[in-house]
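Peer 1: Chains A and B are the protein sequences, given in the same order.
Going by our numbering, the first residue of the first sequence is number 24, and it counts up by one from there.
Going by our numbering, the first residue of the second sequence is number 1049, and it counts up by one from there.
What the hints contain is simulated information worked out from the structure, not anything from laboratory work.
Among the hints, erroneous ones may be present.
[As the list claims (entries may be wrong)] One side only, chain B facing chain A, incomplete, derived with CB under 10 angstroms:
1) S1092
2) H1106
3) R1109
4) V1139
5) I1141
6) G1144
[What the hints assert, rightly or not] If we take Cβ atoms under 8 angstroms as the criterion, some of the chain B residues that face chain A in the derived model are:
7) K1063
8) Q1070
9) R1071
10) G1074
11) I1104
Virtual Cβ for every residue (Gly too), placed ideally from N, Cα, C.
Chain by chain, the residues:
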Amino acid sequence: MKMKEKLVVIGNGMAAMRTVEEILKIDADMYEISVFGAEPYGNYNRIMLSPLLAGEKTLEQIMLNDEQWYIDNGIKLHKGCKVSQIDRVKRKVVADNGVEAPYDRLLIATGSEPIMIPVPGHGLEGVISFRDMHDVDAMLLAARQYKKAVVIGGGLLGLEAANGLLQQGMQVTVVHLMDRLMERQLDLPAATMLQESLQQKGIEFLMQAQTDSIVGDNRVEKVRFKDGSEIEADLVVMAVGIRPNIELAKASGIYCQRGIVVNDTLQTYDPVVYAVGECVEHRGHTYGLVAPLFEMAKVCANHLVKMGIGRYPGTLTSTKLKVTGIDLFSAGDFTGDETTDELVFQDKARGVYRKIIVKDNKVQGAVMYGETIDGSWYFDLMRDGNDISEFRENLLFGQAHLGDSGYGEENRISAMSDCAEICGCNGVSKGQIVNAITEQKLFTLDEVRAHTKASSSCGSCTALVESLMAHTLGGDYSTAPNAKPVCGCTEHTHDELRQAINQQELKSIREVMDVMQWKTEDGCSKCRPAINYYLVCKWPALNLDDGQSRFINERAHANIQKDGTYSVIPRMWGGMTTPGELRAIADAAEKFNLQTVHVTGGQRIGLYGLKKDQLPEIWGDLNDAGLMSGHAYGKALRTVKTCVGREWCRFGTQDSTGLGIKLEKMSWGSWMPHKFKMAVSGCPRNCAEATIKDYGVVCVDSGYEIHVGGNGGIKVRATDLLCNVQTEEEVLQYSAAFIQLYREEAHYLERTAPWIERVGLRHIKQRLNEDCENRKVLADRFNYSQQFMQNDPWEFRARGGDANEFMPIKVIA
Amino acid sequence: MDNWVEIGGINDIPKLGSRVVQREQGNIAVFRTADDKIFALRDSCPHKGGYLSQGIVHGDRVSCPLHDWKISLQDGHAVAPDEGCAARFPVRIENGRILLSLLEDSGI
């Protein structure tokens, strides 16, 4: 048997172990792994040190990998064992107790160390930092024996330490050099509000105070300042910052600046030596938060197991404070300059403040205090560089005000009780999510979804769950990685997937997975339907559709119900029907003894309770009466709702029903990223509710208003007005072009409303209104595609097509 | 009593697909993976009874159509962190024909 290669890991913290976990996930047998950790524990969750200090957590609760984990995974753990030398020539590390370990690959994750200000007296007993378990023990011990604590440093870490000591019953004074707290994350108004809340909790502050010396015989007694004043202290916590721990790397000749310098694959200047975490410097940045460490770990592991995909492009980070009862968010550039605009909202009495920095209609940064529910939204806008001009006037009021779902004021996370329901689909409460995050040690949205199901169904509570995670995980949580992969089977995003299909002309799911280096054999229920859609959209003439990669409703052309029966909804063009059609539907309902006949919201009739093997027969009966599939089961055109319009209504301005029928005849059968609804109203009274549809037409005396991107479901969103046109032909051309743009650009399972919010209405207008040549090209592409799509799937199956799908393989009497 | 029945040929089930054996005591879903392995489970998700035969098959798992639970075809267990188990039925292939035991596997 081939000898396994040896991987030595220096450091046993979160970055190191996350990398090891990622390696084990991809290939558990590749390496013989040994880990050196200076602390005498397994790997614990360092970001939970503050709750540990505040007495809200125990050591056991914050362990991530206990010693059994190392044994179970065949990893040799040298705990309490500090590496003193890396011999890069002989490729081995030497520890201070003499232990040696040879390596083929080396991973350095030595983290960072607290900065101790070298004032006289900094070595006295009772002067500590706030960095590891040892410091927390010292603080807890001091809290039992002593009374007065001084925290030097009014940054994130210092304030969390101060809050913890306060909870332990000490009198706490925070000493800060600057005129405001957290000056790297907060502007003056937010910092002032924060200071006031913390003062109300009982923390005292000495601002603009420069420490001169720490005074005492054996143990600290006083802190003296440059202006000659003094305060008494039994415990001094230095929390003025951290610096990458690079001594070992530097001594072994690995190139370092502020941190160990790594490239986008987390390699140091010595190609067999990798580094991740707080000890590295990447593109000039060092990081002290968890999200970047995890992103680095993922990329680094991928290269260590020689998959060779993925690059780490750096991380945008945001900040939250882990102090119970205080909601605070900060991300990006929050000061701005003469080229930027400041959008500010302040309500002192309610304790709410938010400031958004905008440059060229793009979010550059945000500071929020009091209500932070929209923090993740601003962060997304900033990260994706979205154009906000269309909703700039509402930007400050948050996402809820774009299309008010009516929940806005209820969304203040810290004020919610534990039993408040967060996820209405799956009935998950705030308390259940918080418990899962802390007890199951969850860090990512996907993990929270897997364990609690919260936000895993309709997704409308995603922002709430993300806020809750940020609130629970606190300072080190950053909402999302730079780009969200399609699913766990790949590193690639939806856009990358499409680009590869288009540019490399990929024509099968297998080919896509091979070229894009899928991590699983044949994908999963998330990525396969997505790839299948992208292929069908790109190559309409090639008939590439793979039924086994479709959700059951689209495979069986009917909607599965909770008892396993199916429902059938025939198309009623523009909401119009005839006595003959109604008679055929009534006959079918009686013939199959269907108990539920329901009038749908889209002006059609649904028949419920069919067994799967009855479907082809009822379709045949309905076909005979001229009825066909209504695609009520598909990511496709659903209905075109209309009012009766000019033909009957005394207010009607145009033939809304006739236009609705033309739109439906043009668009049915096309596969889309998600379901698609249209409506045509005959006058501005808008009885057909066209302004909450994906594509809505409101007839006016002078012609037609075209509205896009509405949604009446999960989150109500009124449409944006795209343009006014004068003829039905233009309405039809805009419709074809808009649908095609949506088909080609939206991510699979993205409705038009979030798509437009993501890319901006301006983009849609540029592609459709301003560029009429492009509009025509898009419409032509849609119509070309439609010639292959407009086959009634019911007719084919009623005539015996795809019979295996509907019949049991065997019936046992 | 001979509890083994022949239910059809491998090609009667689509790759990455499933067919149903219908019977009074509850249906059995028979699955075929990409590499032509055949598995059989009770056609009822341990979560809310969804028909696993209607799910998407990937690797040696099926995703339930109702709430997307992943069930292992090998042993019928829900994939962590979900918990639960769908009964498994032994399957044999002889000359390309699928033989199914109607006695569910115990001991898992």
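Peer 1: If a hint holds in the structure, say so; if it doesn't, say that too.
Peer 2: Going down the list of hints, with the structure as the test:
no.: 1; hint: S1092; verdict: holds (9 angstroms)
no.: 2; hint: H1106; verdict: holds (5 angstroms)
no.: 3; hint: R1109; verdict: holds (8 angstroms)
no.: 4; hint: V1139; verdict: violated (12 angstroms)
no.: 5; hint: I1141; verdict: violated (14 angstroms)
no.: 6; hint: G1144; verdict: violated (14 angstroms)
no.: 7; hint: K1063; verdict: holds (7 angstroms)
no.: 8; hint: Q1070; verdict: holds (4 angstroms)
no.: 9; hint: R1071; verdict: holds (4 angstroms)
no.: 10; hint: G1074; verdict: violated (11 angstroms)
no.: 11; hint: I1104; verdict: holds (4 angstroms)
Comparing the model with each numbered hint stated earlier shows that hints 4, 5, 6 and 10 do not hold.
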